[in-house]
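Protein sequences, first through last, are from chains A and B. Numbering (numbering that gives the first Met the number 0) for the first sequence: 0 to 554. Numbering (numbering that gives the first Met the number 0) for the second sequence: 0 to 98.
Hints are not guaranteed to be accurate.
Heads up, simulated DSSO-like pairs for lysine-lysine below, C-alpha to C-alpha not over 30 Å straight-line [said to hold, decoys possible]: (1) A:36 - A:164; (2) B:94 - A:339; (3) A:244 - A:288; (4) B:94 - A:79; (5) B:94 - A:36; (6) A:213 - A:65; (7) A:288 - A:439; (8) A:213 - A:288; (9) A:36 - A:79.
The following residues of chain B were derived to be distant from chain A, with all beta-carbon distances above 10 Å [to be verified]: (10) 4; (11) 14; (12) 16; (13) 18; (14) 34; (15) 48; (16) 50; (17) 68; (18) 71; (19) 74; (20) 76; (21) 86; (22) 87; (23) 97.
Part of the chain A face toward chain B, derived, beta carbon under 7 Å [unchecked claim]: (24) 28; (25) 32; (26) 41; (27) 51; (28) 96; (29) 98; (30) 99; (31) 272; (32) 340; (33) 341; (34) 343; (35) 425; (36) 426; (37) 471; (38) 475; (39) 478.
Calculated directly from the structure, the hints in this document are not laboratory data. Note that beta-carbon positions come from the ideal geometry of N, C-alpha and C, so glycine has one too.
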Amino acid sequence: MYHYNDFDEAFVRTRVAQFRSQVGRRIDGSLTEDEFKPLRLMNGLYLQLHAYMLRVAVPYGTLNSKQMRQLAMIADRWDKGYGHFTTRQNIQYNWPELRDVPDMLDALADVGMHAIQTSGNTIRNVTADHFAGAAADEVEDPRPYAELLRQWSTDHPEFQFLPRKFKIAVTGAEADRAVIRAHDIGLQVRRVDGKIGFRVLVGGGLGRTPMIGKVLTDFLPVEDLLPYCEAIVSVYNVLGRRDNKYKARIKITVHETGLDEIRARVEERFAAIRPAFDEAAMEILDDIKAQFALPAFRNAETDGFEAARLANPAFRAWTDTNLTPHRAEGYAIVSVSIKKHGATPGDASSDQMRVLADLAQTYGHDELRISHEQNVILPHVHKSDLPAVYAALRDADLATANIGLVSDIIACPGMDYCALATARSIPIAQQIATRFEELKLEHEVGPLKIKISGCINACGHHHVGHIGILGLDRAGVENYQITLGGDGTEDATIGTRTGPGFSADDILPAIERLVLGYLDLREDASETFLQAYRRLGMEPFKAKLYPPKEEQDAA
Amino acid sequence: MPKAFTPKVVTANALLEGDAVWLTEDDRWTRDMAEAELLTDEAHAELRLLEASARASEIAGAYLADAQATDDGPAPTHFREAFRTRGPSNYPHGKQVDL
Ligand code: HEM
Ligand code: SF4
Numbered sequence: 000m001y002h003y004n005d006f007d008e009a010f011v012r013t014r015v016a017q018f019r020s021q022v023g024r025r026i027d028g029s030l031t032e033d034e035f036k037p038l039r040l041m042n043g044l045y046l047q048l049h050a051y052m053l054r055v056a057v058p059y060g061t062l063n064s065k066q067m068r069q070l071a072m073i074a075d076r077w078d079k080g081y082g083h084f085t086t087r088q089n090i091q092y093n094w095p096e097l098r099d100v101p102d103m104l105d106a107l108a109d110v111g112m113h114a115i116q117t118s119g120n121t122i123r124n125v126t127a128d129h130f131a132g133a134a135a136d137e138v139e140d141p142r143p144y145a146e147l148l149r150q151w152s153t154d155h156p157e158f159q160f161l162p163r164k165f166k167i168a169v170t171g172a173e174a175d176r177a178v179i180r181a182h183d184i185g186l187q188v189r190r191v192d193g194k195i196g197f198r199v200l201v202g203g204g205l206g207r208t209p210m211i212g213k214v215l216t217d218f219l220p221v222e223d224l225l226p227y228c229e230a231i232v233s234v235y236n237v238l239g240r241r242d243n244k245y246k247a248r249i250k251i252t253v254h255e256t257g258l259d260e261i262r263a264r265v266e267e268r269f270a271a272i273r274p275a276f277d278e279a280a281m282e283i284l285d286d287i288k289a290q291f292a293l294p295a296f297r298n299a300e301t302d303g304f305e306a307a308r309l310a311n312p313a314f315r316a317w318t319d320t321n322l323t324p325h326r327a328e329g330y331a332i333v334s335v336s337i338k339k340h341g342a343t344p345g346d347a348s349s350d351q352m353r354v355l356a357d358l359a360q361t362y363g364h365d366e367l368r369i370s371h372e373q374n375v376i377l378p379h380v381h382k383s384d385l386p387a388v389y390a391a392l393r394d395a396d397l398a399t400a401n402i403g404l405v406s407d408i409i410a411c412p413g414m415d416y417c418a419l420a421t422a423r424s425i426p427i428a429q430q431i432a433t434r435f436e437e438l439k440l441e442h443e444v445g446p447l448k449i450k451i452s453g454c455i456n457a458c459g460h461h462h463v464g465h466i467g468i469l470g471l472d473r474a475g476v477e478n479y480q481i482t483l484g485g486d487g488t489e490d491a492t493i494g495t496r497t498g499p500g501f502s503a504d505d506i507l508p509a510i511e512r513l514v515l516g517y518l519d520l521r522e523d524a525s526e527t528f529l530q531a532y533r534r535l536g537m538e539p540f541k542a543k544l545y546p547p548k549e550e551q552d553a554a
Numbered sequence: 000m001p002k003a004f005t006p007k008v009v010t011a012n013a014l015l016e017g018d019a020v021w022l023t024e025d026d027r028w029t030r031d032m033a034e035a036e037l038l039t040d041e042a043h044a045e046l047r048l049l050e051a052s053a054r055a056s057e058i059a060g061a062y063l064a065d066a067q068a069t070d071d072g073p074a075p076t077h078f079r080e081a082f083r084t085r086g087p088s089n090y091p092h093g094k095q096v097d098l
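Same shape as in the complex, but just chain A (with noise of 0.2 Å):
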């Protein structure tokens, strides 16, 4: 994977340096918060509810057993002992205080971390596949061009004062597990010809304007890159409006000036920028895809894997749902859920984070990675070891066979934590996966991806969620809106409005309806919640969630 260089290193700490002589100005009272604030997000810093919240970069999601254990020193010395792993393959602490914000930051340079641009209007964390490098389906490892990516926005002088936030997303396969179509950039690796090259996608994003990107070219050569998404923030820095921040996405300035007008621009700014970037963007590329090559796969037997799944029905269960096909013979990738069942999706123990990095250790080449669903991937295990792997997560209570199914929820901090937020989300999340786990239907229910943010943000992904729900506040009251039909694959779909929303004490039952109806209303076991809703269309599903009064009463 990729270390820091000289070059990031002394920038890291230079910015650490300068954060902590900013903390101690704003303790002794010589910054007030209005100047202080764009300091601290800019390094990651925000204010909630309870307390402060430092959200720390997971570039691309991947992480080596050092860097996950000292997330978890983190965690024990200036934390509550957990960590949360949010949607953008970041990690936030919920509770630290000011005065040892510096000395976190230190604690994250010390293994190749930061908190930068993790806020603020800058081009954000670049997040990619959470497979990438490991899946049986990808063209390439799209992680050394989000590292390029990386290296080209950190503190790029053009771009630290955008008309707002700018989130890029790369994918090596057509099977889209990123969600690029929700992102302002969404990037494919491609081989076209046996040339190498990506399909670029412009205007994504949720918020309360939730739109799918679309398609600016579809095979960009490998060299133009830089200069192209520097070209699109470029004209976007321009033609974006800084008057709104409702209006002020990219997606907007896409859908106001039309994407013909928005590729004409970019194509002619890249035409005057394309001559000033030299082969050397090249060269380092080289470099990367150096530090990115494949750990040394062992050719080993299976069997004991075979006999194992027959032999344990609950390992057996396991590798059904948490595995998922890899590019290398005898080997498997491992999601490993951090939703048990009741417990806050994405939280993860100090101690869970010492086993995850013991075990990407000793049987994972190294390698961990966030997802953007909230889970923590070990990429590379061979499936010898599964049995091993099993056993240790299942001590460690992160052995749920639930990936993909309706437990597999993700939920933003909601109103628990976020000071944005109009409703919470987690205790709902809990609430859905508590129940079904009682009702012991899911693995009967199928693929199913529920998502609930707790307000219009959609930090979430309800809009891209099979059902997607959405906390809001209705005079004084939380609320909940549900959606249906939404899709965050490479068939991305907004999901449509069911119709008036319920209360926190009715949208448990209401989520049961509907899955439950689910169940009627498929053809067989092998249609899935999403395929039923996109045969069949709202109607019938919203029949099951508003059955006529006297029906509810007599259930």
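Go by the hints and put chain B with the ligands onto chain A.
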């Protein structure tokens, strides 16, 4: 007749710990909302907010929050403010630990 003024309290986040605090009549920051000064007059409330906001080295983000009088002192009227007096609902963290 002008609309009746909803009583308020001045609240903010403590600068160092970041948790919720409320302004008392004798100019302390308390972690127990019931000890806060209940402001029933709009002009006085605005003045108290200005005074509070000036205390930059103690707090951040002061604002006026709706409140109601109870036998035990001022209490929240909105669920957001109620959560701020307790802490998150998924763990026994925050102020509820000491309740
Ligand atoms: C608690 C502090 C947080 C604050 C203050 C915050 C703020 C925001 C705001 C204001 C937006 C809307 C941006 C726009 O539409 O222009 C947004 C969108 C988003 N945030 Fe957060 N957020 C927070 C936490 C999170 C967390 C925990 C995650 C990951 C779980 C996250 C991931 C996202 C995503 C994926 C979007 C929507 C994608 C898009 O940018 O359109 N945020 N956030
Ligand atoms: S969706 Fe709203 S409530 Fe949830 S984290 Fe984002 S800003 Fe906060």
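Earlier hints that do not hold, by number: 3, 6, 7, 11, 12, 13, 20, 21, 22, 26, 30, 31, 32, 33, 37 and 39
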